[in-house]
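Quick mapping for you: the protein sequence lines, in order, are chains A and B. Each residue of the first sequence is one higher than the one before, starting from 56 at the first, in this note's numbering. Each residue of the second sequence is one higher than the one before, starting from 317 at the first, in this note's numbering.
Note that these hints are calculated values from the structure, not bench results. Each hint should be verified, as a subset may be incorrect.
One side only, chain A facing chain B, incomplete, derived with CB under 7 Å [as the list claims (entries may be wrong)]:
id, residue
1, 59
2, 65
3, 74
4, 77
5, 90
6, 94
7, 95
8, 97
9, 98
10, 100
11, 103
12, 131
13, 134
Across the chosen pairs, the derived CB separations fall in these ranges [stated by the list, open to error]:
id, chain 1, residue 1, chain 2, residue 2, range
14, B, 412, A, 58, 52 to 58 Å
15, B, 452, A, 117, 43 to 49 Å
16, B, 338, A, 107, 46 to 52 Å
17, A, 105, B, 408, 44 to 50 Å
If you want the ones that stay clear, here's a sample from chain B, every Cβ over 10 Å from chain A, calculated [said to hold, decoys possible]:
id, residue
18, 327
19, 364
20, 409
21, 417
22, 424
23, 450
24, 460
25, 463
26, 478
27, 552
28, 563
29, 605
30, 606
31, 612
32, 616
Just so you know, even glycine gets a beta-carbon here, dropped at the ideal spot from N, CA and C.
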Amino acid sequence: MAKPFHLTIARIGENIFDDEAVKLELPGTEGMMTVLANHEPFISELSMGEARFEAVDGKSYHVPVRDGGMVEISNNQATVLL
Amino acid sequence: MALKDIKSKIQATERTHKVTRAMQAVSAVKMRKTQQTALEGRPYAHAALSILARLSGSRALSAHPLTQARDVKRVALVIITSDKGLAGSVNSSVIKSAVEALAESLPREEVAVYAFGKKGEEYFARRGYNIVMSFENKRDDVPRSVVKRFTKDLTESFVEGKYDEVLVAYSRFCSTFEQVPTVHRLLPLSLESIKFLVEDIVPGKGKWSDLSPLSSPPHYVVEAKYTNVLDSLIPRLVSTSLYHLLLESKASEHSARMVAMKNASDKSKEVTSDLTRRYNKARQSVITREVSEIVGGREALAS
């Protein structure tokens with residue numbers, strides 16, 4: 056089983072997801088990227104598209120990224136701001 | 317006063333009491349709900365802030381157009397009030413503090429007003445200020461679309477140089493009994509002012525007063541350029557701040573209304589008991605008079 060990391064996906068005034076996840080795929084400005092546990096500290100803008108992630112229970116989710124966003128990763132914690 | 321008049325007055329006061337008590341209960345619920353919403357929005361603000369804190373040492377941030385302080389010649393004022401009254405002095409005190417903040421510096425023509433809530437809009441429109449945008453503050457939540465439009469217009473105009481400063485006048489929520497009218501500088505952006513806001517969103521005491529400290533993450537790898545990241549981050553911080561200010565004003569409005577209605581309910585109760593006493597006295601005096609008339613009549617007949 057893949058190692059988990061903490062994932063927070065939030066929109067202004069609304070928390071979409073805040074729990075352990077094992078895999079996260081994001082539309083970065085330079086193409087899709089995949090985040091797994093223990094990723095290095097990282098910041099990037101997101102472009103339009105769709106964020107996909109897999110929760111620790113194996114369920115996968117899709118969240119549309121409509122007008123860009125940001126991702127920040129540090130200490131095995133990924134934060135996606137939409 | 318005649319008996320009947322007193323009685324109808326008692327009934328009217330009781331009806332008022334019912335209304336004010338209901339409004340008090342409704343405001344209490346709404347206040348709690350707004351606080352809850354404010355709390356749910358905090359992870360976002362926290363995350364955005366910690367990213368900014370990490371980048372704050374970089375030259376890109378101090379060179380970013382939205383952080384540049386200039387000589388203040390033109391000001392945009394965002395005034396956040398409620399649509400409805402019956403909320404004690406929240407609105408008037410916010411307006412007062414906004415006017416005081418403006419009067420220090422500027423003639424009316426140089427002020428652009430962005431109004432959220434009718435009370436503020438009416439006030440500034442009557443006095444000949446230029447109202448650029450206005451929104452009704454009717455709903456219980458804060459619509460994201462409004463926050464977005466405010467942010468877009470304010471940041472773009474600031475970068476173009478249409479405004480040299482953006483101020484927000486709102487009512488800061490300290491506790492249920494204390495709301496402080498505050499004027500906050502939204503742009504040019506500074507880290508301290510945003511930090512203040514995020515930490516401020518939680519009341520000092522009570523159920524939701526715990527606060528996890530802001531973590532300062534290690535060194536980052538940045539995809540693309542710092543400037544691009546900042547271009548996307550700073551407007552987000554501006555809208556988060558705005559969103560929180562709007563929510564705080566909402567919480568203040570509801571709590572002020574709750575307190576005002578509580579006072580009204582207490583007062584109406586007092587009035588009712590006063591009136592009841594008067595009613596009983598009047599009734600008693602009528603009875604006494606009648607008895608003494610009968611007794612007097614009987615004695616006149618007997619003698």
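Hint check results:
1. 59: violated, 18 Å
2. 65: OK, holds: residue 65 (chain A) within 7 Å of chain B, min 4 Å.
3. 74: violated, 12 Å
4. 77: violated, 20 Å
5. 90: violated, 12 Å
6. 94: violated, 10 Å
7. 95: holds, 6 Å
8. 97: holds, 5 Å
9. 98: holds, 5 Å
10. 100: holds, 5 Å
11. 103: Violated. Min distance 12 Å.
12. 131: Violated, about 11 Å.
13. 134: The hint holds - residue 134 (chain A) has a Cβ within 7 Å of chain B, the shortest such distance being about 4 Å.
14. B:412 <-> A:58: 52 to 58 Å: This hint holds: roughly 57 Å between Cβ atoms.
15. B:452 <-> A:117: 43 to 49 Å: violated, 35 Å
16. B:338 <-> A:107: 46 to 52 Å: Since the Cβ atoms of residue 338 (chain B) and residue 107 (chain A) sit about 48 Å apart, the hinted range of 46 to 52 Å holds.
17. A:105 <-> B:408: 44 to 50 Å: holds, 48 Å
18. 327: It holds; residue 327 (chain B) is separated from chain A by about 45 Å at its closest Cβ, greater than 10 Å.
19. 364: violated, 6 Å
20. 409: holds, 26 Å
21. 417: About 26 Å separates residue 417 (chain B) from the closest Cβ of chain A, which puts it past 10 Å; holds.
22. 424: The assertion about residue 424 (chain B) holds, with a minimum of 33 Å to chain A.
23. 450: holds, 21 Å
24. 460: The claim breaks: residue 460 (chain B) does not keep its Cβ more than 10 Å from every Cβ of chain A (closest is about 6 Å).
25. 463: Contrary to the label, residue 463 (chain B) does not stay out of reach of chain A, its closest Cβ about 7 Å off (not over 10 Å).
26. 478: holds, 23 Å
27. 552: Residue 552 (chain B) is in fact no farther than 10 Å from some Cβ atom of chain A, at 6 Å.
28. 563: violated, 8 Å
29. 605: Non-interface label stands for residue 605 (chain B): nearest chain A Cβ at 68 Å, farther than 10 Å.
30. 606: holds, 69 Å
31. 612: The assertion about residue 612 (chain B) holds, with a minimum of 78 Å to chain A.
32. 616: holds, 84 Å
Comparing the model with each numbered hint stated earlier shows that hints 1, 3, 4, 5, 6, 11, 12, 15, 19, 24, 25, 27 and 28 do not hold.
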